[in-house]
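We have chain A; now place chain B onto it with these hints.
2 protein chains.
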Amino acid sequence: MSATEATTATSREWQLAARPQGWPTTDDFRFVERDLPPLGPGEVRVRNAYLSVDPYMRGRMDDTPSYVPPYELDKAMEGGAVGRVEASRSDGLSEGDLVLHTLGWRDVAQGPAAAFRRIDPVPGVPESAYLHVLGMTGLTAYVGLLDVARMEPGDTVFISGAAGAVGGVAGQIARLKGASRVVGSAGSDAKVDLLTSKYGYDAAFNYKSGEVDALLRDAAPDGIDVYFDNVGGDHLEAALAAFNRGGRAAVCGMISAYNTEEPSAAPRNLSELIKKGLTLKGFTVGFYADRMKDFIAEAGQWLAEGSLVYDETVVDGVDNTLQAFLDMMRGANTGKMLVRVS
Amino acid sequence: MSATEATTATSREWQLAARPQGWPTTDDFRFVERDLPPLGPGEVRVRNAYLSVDPYMRGRMDDTPSYVPPYELDKAMEGGAVGRVEASRSDGLSEGDLVLHTLGWRDVAQGPAAAFRRIDPVPGVPESAYLHVLGMTGLTAYVGLLDVARMEPGDTVFISGAAGAVGGVAGQIARLKGASRVVGSAGSDAKVDLLTSKYGYDAAFNYKSGEVDALLRDAAPDGIDVYFDNVGGDHLEAALAAFNRGGRAAVCGMISAYNTEEPSAAPRNLSELIKKGLTLKGFTVGFYADRMKDFIAEAGQWLAEGSLVYDETVVDGVDNTLQAFLDMMRGANTGKMLVRVS
Chain A
3 MSATEATTAT SREWQLAARP QGWPTTDDFR FVERDLPPLG PGEVRVRNAY LSVDPYMRGR
63 MDDTPSYVPP YELDKAMEGG AVGRVEASRS DGLSEGDLVL HTLGWRDVAQ GPAAAFRRID
123 PVPGVPESAY LHVLGMTGLT AYVGLLDVAR MEPGDTVFIS GAAGAVGGVA GQIARLKGAS
183 RVVGSAGSDA KVDLLTSKYG YDAAFNYKSG EVDALLRDAA PDGIDVYFDN VGGDHLEAAL
243 AAFNRGGRAA VCGMISAYNT EEPSAAPRNL SELIKKGLTL KGFTVGFYAD RMKDFIAEAG
303 QWLAEGSLVY DETVVDGVDN TLQAFLDMMR GANTGKMLVR VS
Chain B
3 MSATEATTAT SREWQLAARP QGWPTTDDFR FVERDLPPLG PGEVRVRNAY LSVDPYMRGR
63 MDDTPSYVPP YELDKAMEGG AVGRVEASRS DGLSEGDLVL HTLGWRDVAQ GPAAAFRRID
123 PVPGVPESAY LHVLGMTGLT AYVGLLDVAR MEPGDTVFIS GAAGAVGGVA GQIARLKGAS
183 RVVGSAGSDA KVDLLTSKYG YDAAFNYKSG EVDALLRDAA PDGIDVYFDN VGGDHLEAAL
243 AAFNRGGRAA VCGMISAYNT EEPSAAPRNL SELIKKGLTL KGFTVGFYAD RMKDFIAEAG
303 QWLAEGSLVY DETVVDGVDN TLQAFLDMMR GANTGKMLVR VS
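Residue numbers (our numbering), protein chains in the order written: chain A, 3 to 344; chain B, 3 to 344.
Calculated from the structure, these hints are not laboratory results. Treat the hints with care, as some may be off.
Note that identical chains are pooled: a pair holds if it fits in a single copy or bridges any two copies.
[Stated by the list, open to error] Using 30 Å as the maximum straight-line C-alpha spacing, the simulated DSS-like pairs for lysine-lysine come out as follows: (1) Lys179 - Lys277; (2) Lys200 - Lys277; (3) Lys200 - Lys210; (4) Lys277 - Lys77; (5) Lys295 - Lys210; (6) Lys277 - Lys295; (7) Lys295 - Lys77; (8) Lys200 - Lys295; (9) Lys179 - Lys200; (10) Lys179 - Lys295; (11) Lys210 - Lys77.
Chain A extracted, bound-state conformation:
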C-alpha cells in the first residue's frame, strides 16, 4: 500500500467520555470512527494486530497525579499494542515491519516513527507474545522477583493474583531461579488448578474460599521469604503475618483498591515490618527498562526450551476492547488479556 492510498484510512478508536466513579461503565466511554489525516513527513501508519488491556489503565482514567499521566477526555485512549507498518514516510521503518507501541485502543495508529519500536522477531514466537511474556509483563515479573524482592535460591515465594498476566510468569521465573517452594493465590478453583498443573506452583489456593491469612498458612506452613504483591489489602496483611525474618515484598499492584472510591483497607499489622526486619518495595516496570535486554536473552531461551509457558485470553474485535478491559478487571481472564483487532 502506498502513502497515497493510505490517506483514505480511518481509525476506529475508544475515547474516554467521562471519568469513572468506582467501577467504569459503558457510559464513561465512546467508540468512534474517524478519518486520519495524510501521513506527514517522518510519520508511519500501523495496523494493529493485538491490543493489551491492563489493570494500570484504571488509574489513568482518574485525573490524579500518577507515574503515567491521566487519559485525556474525548481523546483516544492509549495502551500497549503490536502491529505492522502499512504506510511509512520514515526512513527508519518500512512497510511490513512488526512494531510495538503504546497507541492502543484503536485499530489503526499513526504518528512519528519514534513512537514505534521495531521488533526483531524471535523464530517461533507469536506476535502477541511481545505484549506479555516477552514484553513489559514478563519484564515486570522478572525485575519484581529478582531486582525488587531480591529473590534467592531456596526462598519460599508467595505470588498473589498468580493466574494473572504477571503472576503466571512470576511463578515460573521463581521456580527457574531456584525457589524452594512457590505458592500462589487466584480467584477461582479453575485458576488454582492451572497454577499447580501448568505453571509449576507447589501449592495454590482460591482466595474466595476462606480467610487469606489461614489459606496462606496452610499453603506455606514454614512461612514465606518473598511476596510478589499484585493484590494488596488482605493479601498483603496475610503476607506480613507469614513472612520469615528478613522477608521482602515486591509491591507491584493493588488491584483490590483500584475500583473503590474509598481508600482501601490497609494491612493492620505493619508493625511486623519492625519485628521481622521486613522490606516492602514498590515499583513500576518503567524504571527497570534497562533490564529488558537481559530479560529477553534469558526468557527467550526459556521459551525456546519450553520451560516457560503462558496463557492468553483473546477477545476478538476492537469494538470489544472496553468489555475486555472490564472482564479483565473482574478476573475473567486466564493469563494475559488481549484484543485481536482483525
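Just chain B, lined up with the frame of chain A:
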C-alpha cells in the same frame, strides 16, 4: 567489698504481676525486695547506676511472639542498665568495673559475668550516655538512617517523634551526614522549639496542632526523600504522601499503636509505594550490632567536638521506675528517659 560480705545483699526489683490490657496500670506490677543468693563461681554482682525505660518494653509485657521474648510473670523485668561491679567471682570482671547489661528494673543485678559487658570509658562522657547517645539508642539512629534508609547527602529527611531518645540523635546525624533539610515532628510546642534551637532541625511541627499531612507539606514543601518512623499511623501516611520518587523509610517504631487493643489505623495510601517506587524497611537494632564499633568511633568524635548534643530526663529512685516508664510512654520526657538508682 568481698564476696562474703556480698552474700547479705538484697535486690529491690520490679516484677510483672499481670499482662496489661491497653495502657499498663500500677496493678499490673509489683515492687519487691528480695535476698540474693550467694555469688556462684563465675558470677558477678552489679550495683546499677542508671536504668533505661524504652517503648519496646510495652511489647514485652504482652504474651505474643516478637523479636524479644515476653517478660515472664512474677519475675523481675529486664532492660538496659549501667552500673559498677561490687563483687566478682569471675576473672573477667573486677570490682569497680563499669558495665552495661540488660538486667534492669532493679537496683542490684547478679548473674554470670557473660551477661555484663565492660565499658572502656571515653574521657568526659558520663555513665548515663552509654544507655542512649553512645549506646543502643544512638546506634538505632545511626543504622536506621545510614544502613536501613540509606540516607545520602542532599536528601530531605523527616523524623517523627524527633524529640525522643532516638529522634534527637537521628536529626543530628542526618545533619552531620549532609542532609539538605531535616524536618521533625514532636508532641508539644516546647519540644518543637528544642528541635530547631538545639538539635539543628530546619523545621519542626507539633503534630497535635493539626493534620500531620498538611503540617508536613508546609515543613517540607519540596517533598521528602527519607523518613525515620518512630510513630506509624498518621505520620506514616503523611510521609507516603510527601515522598519524592525513590523515597525510603526506616520503620523503627510505631508508638501510636503500642497501647491500643485494636490493631492500629494503617496508612490508607500504600499504593504510593508503587507509584513512586518507595521502600519501607523495618528494623530492630539487635541485627546491626556489628556496626557498634563504627558508630562509637564516629559518634565519640562528634561528642568530643561538641557537634552531637543530647538531653536526658532523669527520674530518681528505682521505686519510681514504673512511673518513669509510663511517663515516657505518654511523652513526658525530653531526650532519653532514665532512672537514677541511688
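Requested in this report: If the cutoff is 30 Å on CA atoms, where do Lys210 and Lys77 land: within, between, both or neither? Let me know, please.
Outcome: neither (38 Å within a copy, 46 Å between copies)
Cα distance capped at 30 Å. Does Lys200 pair with Lys277 within a copy, between copies, both, or neither? So Lys200 and Lys277 fail the 30 Å test inside a copy (37 Å) and across (32 Å) alike.
- Message: Within, between, both or neither: how does the pair Lys277, Lys77 come out at a Cα-Cα threshold of 30 Å?
- Response: between (49 Å within a copy, 24 Å between copies)
Is it within, between, both or neither when you check Lys179 against Lys200 at 30 Å Cα-Cα?
-> Classified as within; 17 Å inside a copy, 52 Å across copies.
| Given identical chains, is Lys295 near Lys210, meaning Cα to Cα at most 30 Å, within a copy, between copies, both, or neither? | Neither: 38 Å inside a chain and 51 Å across chains, both beyond 30 Å.
Checking an output row: Lys200 and Lys295, CA cutoff 30 Å. Within, between, both or neither? within (27 Å within a copy, 52 Å between copies)
Lys179 and Lys277: within-copy, between-copy, both or neither at 30 Å Cα | both (28 Å within a copy, 27 Å between copies)
**Prompt:** When no copy is named, should Lys179 and Lys295 be tagged within, between, both, or neither for a Cα gap of at most 30 Å?
**Reply:** within (18 Å within a copy, 37 Å between copies)
Classify it for me, Lys295 with Lys77: is the Cα-Cα distance of at most 30 Å met within a copy, between copies, both or neither? neither (33 Å within a copy, 61 Å between copies)
Item to complete: Up to 30 Å between alpha-carbons, please classify Lys200 paired with Lys210: within, between, both or neither.
Response: within (21 Å within a copy, 55 Å between copies)
| task | Using 30 Å as the alpha carbon limit, work out where Lys277 and Lys295 are close: within a copy, between copies, both or neither. | result | between (38 Å within a copy, 24 Å between copies)
Hints 2, 5, 7, 11 from the list above are not met by this structure, while the remaining hints are.
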